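Could you build the full structure based on these sequences and the hints that come with them?
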Amino acid sequence: MVRTNKEVVSGTTMGRDGEPINSYTSQSMGVSVRLSAQAPPKNAERESPDVTVSFNVSADAPGTTELGLGQTVQSFLVISQEHNEPLELGRPRVMLAMGSPSPAEQTKPFVCVIRYQFGPAGTK
Amino acid sequence: MRITCLWNTGLLAVTTAMLLGPRSEAQEGRPVVAATGPGSEAGPGQRARGIPYRPAMQPSAEILSAQFQATVYEVQGTAERLASLDAKALTSQAATPETLHSALAQMGKTRLLYRVEQPVNVFSTTITIGSSEPVIVGTRTTVTGQAVNNISYLNVGFIVRLSAPSPSKGGNSAIPTVTTAIKLSVLGSGEKEIASGQKESAIRVMSLEQSESLELDQPRVLLTISSNALGAFRRSADGGGRAEAPITPAAYVIRYKFSPPAQGSAAVESKSAQPETVAAETARSTNILTAQFQATVYEVEAATNRLPALEMSALARAATPELLLAALRALESPGSSTALISRSMSSRTRSWSGPTRRS
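So the sequence lines, in the order shown, correspond to chains A and B. 23 is the number that my numbering gives to position 23 of the first sequence; each next residue is one higher, with no gaps. Take any residue in the second sequence, count from 1 to its spot, add 124: that is its number in my numbering.
Read the hints as simulated data drawn from the structure, not as lab findings.
Among the chain B residues that face chain A by a calculated CB cut under 10 Å, a handful are: (1) Q193; (2) V240; (3) E241; (4) T249; (5) V272; (6) F282; (7) L311; (8) F417; (9) A419; (10) V424; (11) L434; (12) P445.
Computed from a predicted structure; not experimentally measured. Virtual Cβ for every residue (Gly too), placed ideally from N, Cα, C.
Right, dumping it as structure tokens:
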């Protein structure tokens, strides 16, 4: 798991002298991978185990929604998937997830590409 | 288009606990009693009470690997035009995501909302793309006359769940019947104004489910039309139009396809001639299997507000993370910048140890 907390502006008020005072919240972002393994079903011909691969990616994305006083607020993405597959060493897998959830015309979409691969122990 | 390597586990060593094959006592149904003394690696509770150790490992569910591709489109148009959409007709135009997009664009303003492509197990897979989108819920004016918006976050996204009955539970062992269940939440504009020129936000939520025999390389199309569009039909049929105007009618079209799981090249690390055999042999003597796991996450920042057309087959051919990065860079739009920020970590996680474990 690789995660970090990021402070993001969640609101703005005006101070007594007219200066903006921001309020912040903390957002956790990063990547976590969970692996678990199961023996193949008894009737399966394969001997290698089955692996459940679970990815969770969370990130921020620039937004176009205006808070006011020249500030915009960000949106936050969560991409996750979980599936199982027979363990196959040395075969890279690539996953693609992209989206454009905001109806705002000027908002740019997000694109996430994940590559993973199992290899024999001790290889680099 | 800007590419950022979000995260890279450079040869992250993962120790994965595994019980393998009929040789395992646990799989043969015999009780497994672990050493639970002070020197053992049983959990504290097990040590304290001397409870026989029973690995939690269950036999895997059925696996049938496939490549899964799904695209979600939003089509905004008049209720009459959207009502003429037909899933069967669209299927015939859905040879590729691009041809379907072109067909839909003739019906109204079409937007590609989501696209996923990845290896799956048709018996059990969950894919989620979610986002928290900021929306304006109110506006106030400061004493200096400046407008400040109140923001709230709405969760929208796309969830795919694949499932199929196990052959042992009455399913067809040759061709499984795969249920593709999709939930979709889409952000749009409502009708009420919360400030001058500022409309409220609304979420449309849809659930679709389809069960069909697995057929590779056969695109399927699911179609749903926002209920407000149907409401508009009823009003016009009544000769009414007295009710409040509906929000913009929208159709949501989902194209999905299963393909053979031909991804990547397995010719890496060729020194280990038959890696799968290595894995199996390791498992015979121990119930811990150690493998190297490497994962890299890339974020591609599009240069425009349109979803880029990424050719998945080109990406899947990349044998190393560096080659994949190069492939992504090759797909960049002209004039855009590229940055690479990589972080690597290495950790070793131990899971469980049973009585047959050898260090």
